[in-house]
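Trainee: Sequence:
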Amino acid sequence: MKRSSSHRALVYARNAAMGCVVLLLLAAGVLSSWNEAHHIVLAKGREHGTMTVTGCGADVCTGPFSPSGQAVARSRVTIDRSVAARRGDRFPVVVKPGTDDVVRAGTPGFLHAWVPLGGALLLAGLVIGGGLRMSRTGWCTGIAGAVLLVATFFAL
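For the sequence shown, the numbering used here assigns the number 156 to the last residue and increments by one with no breaks.
If you're looking for bench data, these hints aren't it; they were derived computationally from the structure.
Backbone N, C-alpha and C fix where the C-beta goes; we use that ideal spot for every residue, glycine too.
Do not take every clue at face value.
[As the list claims (entries may be wrong)] Label-pair restraints from in silico Cβ distances:
id: 1; residue 1: G45; residue 2: A73; range: 36 to 44 Å
id: 2; residue 1: A58; residue 2: F153; range: 32 to 40 Å
id: 3; residue 1: N15; residue 2: G45; range: 41 to 49 Å
id: 4; residue 1: T107; residue 2: G57; range: 24 to 32 Å
id: 5; residue 1: V21; residue 2: D80; range: 22 to 30 Å
id: 6; residue 1: F154; residue 2: V60; range: 19 to 27 Å
id: 7; residue 1: L24; residue 2: R133; range: 16 to 24 Å
id: 8; residue 1: G130; residue 2: T107; range: 54 to 62 Å
id: 9; residue 1: A84; residue 2: V147; range: 12 to 20 Å
id: 10; residue 1: V147; residue 2: N35; range: 21 to 29 Å
id: 11; residue 1: L156; residue 2: K44; range: 20 to 28 Å
Please work from the sequences and hints to get the whole structure.
Mentor: Okay, here's the thing in structure tokens:
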């Protein structure tokens, strides 16, 4: 059966639309992740130290900051509750410039910062496999996102 030019144009338009959705998902995942990740990836010149969790609220945990190197000690810094912190835990952190907010450093912090990208990879895998009909690429993309999410779960 010979396909008409209008059918081919429709297929190209569908593929272009699905490609744009994939790019949008991945760009959103990278941008969401970069808000936290750049403090860890580009940590040179920032205040490094250790935080001891003394209490946790609904959204954040607080505790004192013990500096390493030239950083200034702080009696109270805050970190997002989502980093699996409990009272008494100690972990390395990087202070966000100009604030008393910190992000977890090291491998667990690095993985945690990229969780939005992991979710975006999972969703993009579905669009690639189903919408673009590229099943192998879709599976690889989805598995990469799942591996990132599972690695973060076990690292924290």
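Trainee: Please go over all the hints and tell whether each is borne out by the structure.
Mentor: Each hint tested on the structure:
1. G45 with A73: 36 to 44 Å: 18 Å, violated
2. A58 with F153: 32 to 40 Å: 21 Å, violated
3. N15 with G45: 41 to 49 Å: 45 Å, holds
4. T107 with G57: 24 to 32 Å: Cβ of T107 to Cβ of G57: about 26 Å, so the range 24 to 32 Å holds.
5. V21 with D80: 22 to 30 Å: 29 Å, holds
6. F154 with V60: 19 to 27 Å: At 23 Å between Cβs, range holds.
7. L24 with R133: 16 to 24 Å: Hint holds: Cβ distance 19 Å, inside 16 to 24 Å.
8. G130 with T107: 54 to 62 Å: Violated, at about 33 Å.
9. A84 with V147: 12 to 20 Å: 19 Å, holds
10. V147 with N35: 21 to 29 Å: 22 Å, holds
11. L156 with K44: 20 to 28 Å: Roughly 24 Å apart at Cβ, these two residues keep to the hinted range, so it holds.
Consistency with the previously given hints fails for numbers 1, 2, 8, ordered from lowest to highest.
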